[in-house]
Amino acid sequence: MGLIGNRTLAAVTSAALALTGLAPVAGWAAAGDKTLTGGFDVGPGGFPGNFNPLMATTGYMALTLNYQPLFVYDGKLSQIVGQLAKSYTVSDDKKTYTITLQPDVKWQDGTPFTSADVAFTLKLAQDKTSGSVYVDRLSAITDVETPDAHTVVLKLSKVNLSLLDTLTKLMMLPKHKLEKIDPSTLPRNPYWTDHPIATGPFVFDKYVTDQYVEYSRFKEYWRGEPKIARVVNRYFKTTAGAVSALKSGEIQISYVNADDLSAFKGDKGFHVIKGNSFVVNYLGFNFGAKIWDNQKVRQAVMYAINRKAIVDSLYGGMAKVANCGYVVDRYVPKGLNDYAYDPEKARQLLKEAGWDKINGSKPIKVLTYYNTQLSDNVLGAMQAMLSQVGINIVPRDVDMSTYNATIYATTPDYDSFGLVYAGLTNGPDPSNLNIGLNASQIPPNGSNYTRVNLPGVSKAFDTALSDADGSKYDSDFQNVCKAMNTDLPWATLWVTDRFGVASAKLKDFVWMPAPGGGPYASHPEKWDIAN
Amino acid sequence: MTDLNVETAIAPAPRRKVARRGPIVRALGRFGANRYAMTGLAVFGLTLAAVVLMPFVWKDPNGIDLLAINKPPGAGHPLGTDGIGRDVLARLLAGGRVSLLVAGVSTLLSTALGFFIGALAPFGGRFADAAIMRVVDLAMTLPPVILLLVLASITGPGIVPTIAVISLLSWPLLSRMVRSRLLELRERDFIIFARGAGAGPWHLVMRHGLPNTIDILVVYATLQVANAILLEAGLSFLGLGVPPPAASWGNMLNAARSTVVLQSYPWQWMFAGGAIVLTVVCINLIGDGLRDAFDPRADLE
Amino acid sequence: MLRYTLKRLAAGAAMLIALSMLVFILLRLAPGDPVDAYIDPMVKMSAADMARLRAELGLDKPLPVQYLIWLRDVLHGDFGRSLQRTGEPVLALIGSRIGPTLLLMLSGFGIAIIFGLIAGVVSAVKRGSVRDGTLLAVAAVGVSSPAFLTALIGLYLFSVVLHWAPSGGMLTPAMPFSLHDLLSHLILPALILAFYQSALVTRYMRSSMLEVLTQDYIRTARAKGVRENRIVSHHAVRNALLPVVTLIGSTLGLAVGGAIFIESVFNWPGMGLLLVNAVELRDYPVIMGSTLVIGAWVIVMNIATDLVYAVIDPRVKVS
Numbered sequence: 001m002g003l004i005g006n007r008t009l010a011a012v013t014s015a016a017l018a019l020t021g022l023a024p025v026a027g028w029a030a031a032g033d034k035t036l037t038g039g040f041d042v043g044p045g046g047f048p049g050n051f052n053p054l055m056a057t058t059g060y061m062a063l064t065l066n067y068q069p070l071f072v073y074d075g076k077l078s079q080i081v082g083q084l085a086k087s088y089t090v091s092d093d094k095k096t097y098t099i100t101l102q103p104d105v106k107w108q109d110g111t112p113f114t115s116a117d118v119a120f121t122l123k124l125a126q127d128k129t130s131g132s133v134y135v136d137r138l139s140a141i142t143d144v145e146t147p148d149a150h151t152v153v154l155k156l157s158k159v160n161l162s163l164l165d166t167l168t169k170l171m172m173l174p175k176h177k178l179e180k181i182d183p184s185t186l187p188r189n190p191y192w193t194d195h196p197i198a199t200g201p202f203v204f205d206k207y208v209t210d211q212y213v214e215y216s217r218f219k220e221y222w223r224g225e226p227k228i229a230r231v232v233n234r235y236f237k238t239t240a241g242a243v244s245a246l247k248s249g250e251i252q253i254s255y256v257n258a259d260d261l262s263a264f265k266g267d268k269g270f271h272v273i274k275g276n277s278f279v280v281n282y283l284g285f286n287f288g289a290k291i292w293d294n295q296k297v298r299q300a301v302m303y304a305i306n307r308k309a310i311v312d313s314l315y316g317g318m319a320k321v322a323n324c325g326y327v328v329d330r331y332v333p334k335g336l337n338d339y340a341y342d343p344e345k346a347r348q349l350l351k352e353a354g355w356d357k358i359n360g361s362k363p364i365k366v367l368t369y370y371n372t373q374l375s376d377n378v379l380g381a382m383q384a385m386l387s388q389v390g391i392n393i394v395p396r397d398v399d400m401s402t403y404n405a406t407i408y409a410t411t412p413d414y415d416s417f418g419l420v421y422a423g424l425t426n427g428p429d430p431s432n433l434n435i436g437l438n439a440s441q442i443p444p445n446g447s448n449y450t451r452v453n454l455p456g457v458s459k460a461f462d463t464a465l466s467d468a469d470g471s472k473y474d475s476d477f478q479n480v481c482k483a484m485n486t487d488l489p490w491a492t493l494w495v496t497d498r499f500g501v502a503s504a505k506l507k508d509f510v511w512m513p514a515p516g517g518g519p520y521a522s523h524p525e526k527w528d529i530a531n
Numbered sequence: 001m002t003d004l005n006v007e008t009a010i011a012p013a014p015r016r017k018v019a020r021r022g023p024i025v026r027a028l029g030r031f032g033a034n035r036y037a038m039t040g041l042a043v044f045g046l047t048l049a050a051v052v053l054m055p056f057v058w059k060d061p062n063g064i065d066l067l068a069i070n071k072p073p074g075a076g077h078p079l080g081t082d083g084i085g086r087d088v089l090a091r092l093l094a095g096g097r098v099s100l101l102v103a104g105v106s107t108l109l110s111t112a113l114g115f116f117i118g119a120l121a122p123f124g125g126r127f128a129d130a131a132i133m134r135v136v137d138l139a140m141t142l143p144p145v146i147l148l149l150v151l152a153s154i155t156g157p158g159i160v161p162t163i164a165v166i167s168l169l170s171w172p173l174l175s176r177m178v179r180s181r182l183l184e185l186r187e188r189d190f191i192i193f194a195r196g197a198g199a200g201p202w203h204l205v206m207r208h209g210l211p212n213t214i215d216i217l218v219v220y221a222t223l224q225v226a227n228a229i230l231l232e233a234g235l236s237f238l239g240l241g242v243p244p245p246a247a248s249w250g251n252m253l254n255a256a257r258s259t260v261v262l263q264s265y266p267w268q269w270m271f272a273g274g275a276i277v278l279t280v281v282c283i284n285l286i287g288d289g290l291r292d293a294f295d296p297r298a299d300l301e
Numbered sequence: 001m002l003r004y005t006l007k008r009l010a011a012g013a014a015m016l017i018a019l020s021m022l023v024f025i026l027l028r029l030a031p032g033d034p035v036d037a038y039i040d041p042m043v044k045m046s047a048a049d050m051a052r053l054r055a056e057l058g059l060d061k062p063l064p065v066q067y068l069i070w071l072r073d074v075l076h077g078d079f080g081r082s083l084q085r086t087g088e089p090v091l092a093l094i095g096s097r098i099g100p101t102l103l104l105m106l107s108g109f110g111i112a113i114i115f116g117l118i119a120g121v122v123s124a125v126k127r128g129s130v131r132d133g134t135l136l137a138v139a140a141v142g143v144s145s146p147a148f149l150t151a152l153i154g155l156y157l158f159s160v161v162l163h164w165a166p167s168g169g170m171l172t173p174a175m176p177f178s179l180h181d182l183l184s185h186l187i188l189p190a191l192i193l194a195f196y197q198s199a200l201v202t203r204y205m206r207s208s209m210l211e212v213l214t215q216d217y218i219r220t221a222r223a224k225g226v227r228e229n230r231i232v233s234h235h236a237v238r239n240a241l242l243p244v245v246t247l248i249g250s251t252l253g254l255a256v257g258g259a260i261f262i263e264s265v266f267n268w269p270g271m272g273l274l275l276v277n278a279v280e281l282r283d284y285p286v287i288m289g290s291t292l293v294i295g296a297w298v299i300v301m302n303i304a305t306d307l308v309y310a311v312i313d314p315r316v317k318v319s
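Chains as they are written, first to last, in my numbering: chain A, 1 to 531; chain B, 1 to 301; chain C, 1 to 319.
The following block holds chain A by itself, in its conformation from the complex:
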């Protein structure tokens, strides 16, 4: 019987192999060609399975292997420089941008890249039916002129200081390929995985569903032929999987969680890369739940959480305590209340506010989509600290879909998320916090889903955003910070560092664990691997 079982097994195994279509990979590269394998879409900056740049909200590290925007942040994320744009000028009223394109840029099929492609991409990105996530952010552009093949003139209806930031995320798309496709079919279109073309250093070869994406070098890349022959972006269900692949040498780079770092400490085979997450973490008071209206209650929450202890022990010091939405010196004014840990004061404030009558010890659900061990620990610690002063919170981590369905429900059950533990991008462009804090953004209009309606905060944002010439930019956002610190729309917690780990064999490898994975000037064409 054992024998029969064996033979049957062998037969079925080969049948299964045939079914899988495990044919030898075609076009296999010659020996000696270098392959970089990495987990480009691991962690919060990743977006596995998204190949449509118009719908990208994160995942730029993988996208910028092939796609390129007009502008890009430099390698330090401190200023915006040209990528496909060679130079640009802005009119005095800040309503006309004249952009000169790089000459000699070619699409990966050999067609020249021109201003017509730019105009086409902008039009597509402004078209709601294409599924573009940039419609709002580009709404100020009323007209795009193309006086010649390498000049683009953008006409704005009103000043938009975030325009260049938006343009760093908008990847240029080939007019000659996409004009034949009905824009409304673009959100789900095989085009994006069937040999799409772009202007970047690597060509998208194939996608094996939920497994990996394979890229090969574009020899006529306008900045020169890439040194690495192919790049493989492997997908992992969890960061843990990526970390073990990294340790076992199967991949050369990956995002890692702060608490994974100890696994690489002292290992000469790896470089740890540290960067600013540009995401501020907070406990968001759901004002819809009507238990947070008293400012003293919100202050009590701040005083009750020992943020410094959490940062020091759970994050190993790899985070900055935030007393408003920002931690960058530019936007943090002097004289903020630092809400140092003081449970006695918290109890006192709750007593004054009459917390017993407002909510008392009824459990308050904390909704979060963070599901790492670290965030479980952070929530556990905050739960213990808040219970000391008489606030009983119950964390609940859910998948993204449940999270969004709960916060954006047409008739939300506010009690199902009395608090949220979440994050919001606070840089490099500081105005981004507006979408979660301004009363004008309360759903259905926008993403202020904790229903913050504090006039002081909204007014500070409105002032900062309407600053026509940007002359008081820094002080405007300092005022936003001040308003957040006083009015407490959130219990702001911290801004964490983010970490990547790369094999020490990589040379000229520009990478940072940037928010959303970039985009920044990563120069993949220069990357190389030591033999």
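Just to be clear, a hint being listed does not mean it is correct.
List time: in silico SDA-like cross-link candidates among lysine to any residue, alpha-carbon distance up to 25 Å [claimed, not checked]: (1) A:K237 x C:I153; (2) C:K126 x C:I231; (3) A:K308 x B:L66; (4) C:K44 x A:T411; (5) A:K95 x A:T151; (6) C:K44 x A:P428; (7) C:K126 x C:R219; (8) C:K44 x A:Y414; (9) C:K44 x A:L138; (10) A:K206 x C:R81; (11) A:K237 x C:V276; (12) A:K206 x C:G80; (13) C:K44 x A:D497; (14) C:K61 x C:L91; (15) C:K44 x A:T185; (16) A:K177 x C:E88; (17) A:K86 x A:R223; (18) C:K44 x A:D462; (19) A:K237 x C:R81; (20) A:K345 x B:G63; (21) C:K7 x B:G125; (22) A:K175 x A:T114; (23) C:K61 x A:T185; (24) A:K237 x C:L191; (25) A:K472 x A:T89.
The hints are simulated quantities; they were obtained by calculation from the structure and are not laboratory data.
Could you slot chains B and C onto chain A? The hints should help.
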């Protein structure tokens, strides 16, 4: 998948004998003589006593100490501390309470559900039988993943939803076994007589169905306790199950999802894993013992 | 026999339709839909934007209409496309996953069956010996260990500490296919799957053997002076296999959707992983399609088990 050991253990069980008082006593006697089963019972009893009594005398399982996180076993913390400085031993004991409570209650519920559905089918008439059995077939064809994820995401995490989800996942197998036992019984003279005398389905189920399936129920229930412990752990592993800060063996084991915890702080998950395996082994031994004890062929030997 | 098979198949088809309806309803009861699954809460979204996205996916139609549209398409052989951005056809997705799942299942079960049968027989023949005790103890631990625990320990031990096996996936990406590469990825998850299954088979085979060995015809054979080895291999094993066949049949049926923990931990590109990802993303067409396929597999395996049973055991008549 874990459902199977129930079927495995029960399938060879008798299909012919009608139980009387005598055999049950004799079965218990045989059970008492079974070395493995008694060892299982003893260890399980000790575990139960520890998790029920110890939390009263040991530390607070939810008390955090950020100055003593991830400490290996040693003085003060015999089994070490977890990621926010909670005592692992305290959590292991408190977690055992939750896990065994969830397992116990869900076993009672799924046994009751499985019994009534399985028993009503043969006595409830042809149409009810067909309808009920189709539902059972359907429930057994549905991939457990879907039911698990959907049910759990509707109910949310929590002890009560966890119990509900586990109970709802586990009954169809029992129904099937109860039904096939009672199908044979239905054709017996005394049942036909009782029906002729106007006995309703309820009377038939309670008066004749229950005593004649008690062996199946006992064995199923034991094995289902083991099963429920594993399911609770599985639910926690999927991020559902018993929510923090309450500890359960499942959510303690869940910490091993993090590479660091898995590699560097084995005491945070190893003891919970060990407790699950040990308890389930004991319960399986008890279940095996009960199965052998209730096997009518044993009477013939 | 043929009539019986056809009848069972027809009943199975009806069951599948009921199953699809049930899954459809369950999915709509779960919170969140495909649009919720691909919104980033850190990016601005207005209710109007979300309504537009829903309309594009046809999620604004009444539920019964959505179901009937789906059913009509399926009856025409069109399982639809994934709602994920790449919009792959559901059938192609499932097709690419069935192979790996079968490969993993069958290797795991193959190991389990071979090992389990041998261990079960040895354990029964040497009843009460040290060897029996050891095998029973290992089997008891085997059926009592949650799959995700063994998978995690296995991954950690063999991949991270010992570097014996790769940490996940089925083939090294961007490498030419080689059998060695496939096997090195396969061996660890297959062994872990086999650990639990072989424990199950061992226990079952042992009790079945013990029962057979007390039967009259075995005693008769012994009395006639037939050698013990021959008794075991020719008479006992064959008869003891009967109940084990049922076990293997029903386990194989359930296993396609059941190796989910192992597939998750090892990132094995099978049906289980497909289903978990699809549920997370509320990818309705993929969930419906894979449930149908898994359901059909369970039904076919059940029918096949009954038929095999009838073939092996002449006393059983199918009706």
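Structure versus earlier hints - violations, ascending order: none
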